[in-house]
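In this note's numbering, the protein residues as written are 7 to 61.
Among these hints, one or two may not hold up.
Stated by the list, open to error - Estimated spans, in silico, between C-beta atoms of each pair:
(1) Thr19 x Leu52: 28 to 36 Å
(2) Glu58 x Arg37: 36 to 44 Å
(3) Ala48 x Ser17: 32 to 40 Å
(4) Thr19 x Glu58: 21 to 29 Å
(5) Glu59 x Arg37: 34 to 42 Å
Because the hints were derived from the structure by calculation, they are not lab data.
None of the values given here were measured: they were computed from a predicted structure.
We put the CB at the ideal spot given by N, CA and C, even for glycine.
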Amino acid sequence: MTDAMRLLRMSRTVIYDQIRTGRLPSVTQGRARLITPNGIRAYIALLEKEAEEAA
7 MTDAMRLLRM SRTVIYDQIR TGRLPSVTQG RARLITPNGI RAYIALLEKE
57 AEEAA
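With the sequences and hints as input, model every part of the structure.
Structural data, given as structure tokens:
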């Protein structure tokens, strides 16, 4: 989680909000919530798409 926070420059709270709303894909392993590199790529692609639509 801390790697994703650093890469995306977001707080833990914002990361969990994005996961909860389904915008940031994640997986669970036991009790741990993991954000895969593909999940980060998908989230960035979503942000880029939204920025294009807003312009």
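Comparing the hints with the structure gives:
no. : hint                      : result
1   : Thr19 x Leu52: 28 to 36 Å : 19 Å, violated
2   : Glu58 x Arg37: 36 to 44 Å : 37 Å, holds
3   : Ala48 x Ser17: 32 to 40 Å : 20 Å, violated
4   : Thr19 x Glu58: 21 to 29 Å : 27 Å, holds
5   : Glu59 x Arg37: 34 to 42 Å : 37 Å, holds
Going down the numbered hints, you'll see the structure goes against 1, 3, while the others check out.
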